[in-house]
Amino acid sequence: MSEPYEWDEATWRGRVNQVRAGKSLLPKAWPGGARCAVALSFDSDHETNELRDGGESPARLSWGEFGARRGIPRIRKVLDRFGAKASFFVPAVSALLHPEEQKSLAEDGHEIALHGWIHERNAQVPADKERELMLRSADTLEKLTGTRPVGMRTPSWDYSDVTLKIARELGLVYDSSLFADDDPYEILDNGERTGIVELPVEWIRDDAVYFMMNRFGAQRPYTPPTDVLDIFRREFDGAYEEGGMFLLTMHPHITGYRSRIFILEELLSHITSKGDCWIATHADIARYCATEAGLKE
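Everything in the sequence shown is counted per the numbering used here, starting at 1496 for the first residue and increasing by one.
It should be emphasised that the hints constitute simulated quantities derived from the structure, not laboratory data. A portion of the hints provided could be inaccurate.
[Said to hold, decoys possible] Per label pair, the in silico range of CB-to-CB distance:
1. 1500 x 1637: 30 to 38 Å
2. 1548 x 1697: 36 to 44 Å
3. 1578 x 1499: 21 to 29 Å
4. 1697 x 1576: 22 to 30 Å
5. 1698 x 1499: 34 to 42 Å
6. 1753 x 1500: 46 to 54 Å
7. 1686 x 1549: 37 to 45 Å
8. 1722 x 1643: 19 to 27 Å
9. 1698 x 1660: 41 to 49 Å
[To be verified] Each computed DSSO-like pair below joins lysine-lysine, with the alpha-carbon atoms no more than 27 Å apart:
10. 1580 x 1598
11. 1638 x 1660
12. 1598 x 1638
13. 1624 x 1660
14. 1598 x 1572
15. 1638 x 1580
16. 1638 x 1624
17. 1523 x 1598
18. 1523 x 1769
19. 1518 x 1660
20. 1580 x 1769
21. 1572 x 1769
22. 1572 x 1518
C-beta: ideal position from N, C-alpha, C; glycine also.
Based on the provided sequences and hints, a complete structural model is requested.
Put into structure tokens, the structure is as follows:
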């Protein structure tokens, strides 16, 4: 393989164009005259963070269990208080370990969406195995909740060479793994329109980057919870000012603690105080954008 500085134009353009942002799908208006759309998401990784790496540490598995045992109930209490519906991205193994959680969330009007099988690093999985795992995950979530998932967030927040092809095969309405914009856009596959809505993520709108801890490594929480709230609030305020979308990613085993759950509470208090924000699931926002843009599911 030649060095990147030796690539011809066809090579570097080919890499860039493999998965690319197409036209913006930011609608001219949000439902009900809302100024801003708010997409709250929770990656319910639970025990799979340890299982993914072949780990068997009871302590680290119990950290994941905390997400289901304490994190999810606290999060649900806050969401219920504000009447907010959210999207929960759930590895299939997490769903199988906690089936009643998924069923109950779905019954309450929240969305259960794809997040891999065992939180595998999908971009490092062989192509045929990635396809098999994604299809098996979709079947599992459908069996547990009664609804076929219409969206995904890849476990690695990245694509392999075949991820987009598999998403198209599954007929997904949206993805939420890429970074090319603040607002929704259509994903292009080697320049070809896919009809798939991208609801872009961003690490600065993710609680994990501020609070992750590795006892035997250098990773330590370095940002006070009040500062994280300030960052999230400023991101929302920017989206509100521009009339765009504010998408937030949180984890039950990270935000679900007594000293951190206030971040979600105060953020939702700030958002709802505006009086003209549409808080909706990722699926509802993606479908609305697709309909307004004339995309086909």
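Comparing the hints with the structure gives:
no.	hint	verdict
1	1500 x 1637: 30 to 38 Å	violated, 47 Å
2	1548 x 1697: 36 to 44 Å	violated, 25 Å
3	1578 x 1499: 21 to 29 Å	violated, 51 Å
4	1697 x 1576: 22 to 30 Å	holds, 26 Å
5	1698 x 1499: 34 to 42 Å	violated, 24 Å
6	1753 x 1500: 46 to 54 Å	holds, 52 Å
7	1686 x 1549: 37 to 45 Å	holds, 39 Å
8	1722 x 1643: 19 to 27 Å	violated, 40 Å
9	1698 x 1660: 41 to 49 Å	violated, 26 Å
10	1580 x 1598	holds, 15 Å
11	1638 x 1660	holds, 23 Å
12	1598 x 1638	holds, 10 Å
13	1624 x 1660	holds, 13 Å
14	1598 x 1572	holds, 16 Å
15	1638 x 1580	holds, 21 Å
16	1638 x 1624	holds, 21 Å
17	1523 x 1598	violated, 35 Å
18	1523 x 1769	holds, 19 Å
19	1518 x 1660	holds, 19 Å
20	1580 x 1769	holds, 17 Å
21	1572 x 1769	holds, 21 Å
22	1572 x 1518	violated, 37 Å
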